[in-house]
Amino acid sequence: QKEVEQDPGPLSVPEGAIVSLNCTYSNSAFQYFMWYRQYSRKGPELLMYTYSSGNKEDGRFTAQVDKSSKYISLFIRDSQPSDSATYLCAIPNPSNYQLIWGAGTKLIIKP
Amino acid sequence: KAGVTQTPRYLIKTRGQQVTLSCSPISGHRSVSWYQQTPGQGLQFLFEYFSETQRNKGNFPGRFSGRQFSNSRSEMNVSTLELGDSALYLCASSLEPGGSYNEQFFGPGTRLTVL
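Chain order of the listed sequences is A and B. Take the first sequence: its letter number 79 is residue 79 in this note's numbering, and every next letter is one higher. Take the second sequence: its letter number 70 is residue 70 in this note's numbering, and every next letter is one higher.
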């Protein structure tokens, strides 16, 4: 079992829909959670990060952590074609400070 | 401020050859990390350099090596290339080491194809 699991998709939704992207993790020691966005032919860029449990909102994006279920989510409201990208969750391993990456979910927003 | 630059962007090599990839971090960033990205394995950490010293290394064979220069620019080298080394190689820079807790800024990557 991988330490971080993420459905690679693709996930295709119509413009304006609410998108839910998810990852599960196995190590209860994980405390810090990141979401990166990667456009085609580009490197990943940090979108949001959260610490411990709860929600964090930034514009149309909301990151949510449920530590009891070891489940993290990224919600995108009013999705736009420009949101089409691969979204990767990443979790720092507290034992060696290296990021453990999900496989990435390819998101397609249809106009 | 200029972003992270990587050269070359695309590279085609044959099995058994060696290759050197280059990364120039954002000005003022002293930490450089390298990652391999493949469809099957996703993003995997190769190594991290800070002040010309390797601080962390991932689970890759010794054919993968790197170095960092005094101006923070970094190179990675892969010797005796194998077909499975075909991947996108990403470089990321950050102000400080322990990059996972500091925001990392990624370059566009070098697409290596091994024939």
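In short, the hints are calculated from the structure, not lab data. Quick caveat, the model's predicted, so the values are computed rather than measured. Note that the Cβ used here is the ideal one computed from N, Cα and C, for glycine as well. Hints are not guaranteed to be accurate.
Simulated crosslink set (DSSO-like; lysine-lysine; CA at most 27 Å straight-line) [to be verified]:
id	chain 1	residue 1	chain 2	residue 2
1	A	K56	A	K67
2	A	K42	A	K56
3	A	K110	A	K2
4	B	K57	A	K56
5	B	K13	A	K2
6	A	K110	A	K70
7	A	K67	A	K110
8	A	K42	B	K13
9	A	K106	A	K2
Now the stretches of chain B that chain A is said to cover, found in silico as 3 or more residues with beta-carbon under 8 Å [to be verified]:
id	region
10	34–46
11	102–115
Verification of the hints:
no., hint, in the structure
1, A:K56 to A:K67, "holds (14 Å)"
2, A:K42 to A:K56, "holds (26 Å)"
3, A:K110 to A:K2, "violated (31 Å)"
4, B:K57 to A:K56, "violated (32 Å)"
5, B:K13 to A:K2, "violated (31 Å)"
6, A:K110 to A:K70, "violated (31 Å)"
7, A:K67 to A:K110, "violated (33 Å)"
8, A:K42 to B:K13, "holds (22 Å)"
9, A:K106 to A:K2, "holds (19 Å)"
10, 34–46, "holds (count 4)"
11, 102–115, "holds (count 7)"
Comparing the model with each numbered hint stated earlier shows that hints 3, 4, 5, 6, 7 do not hold.
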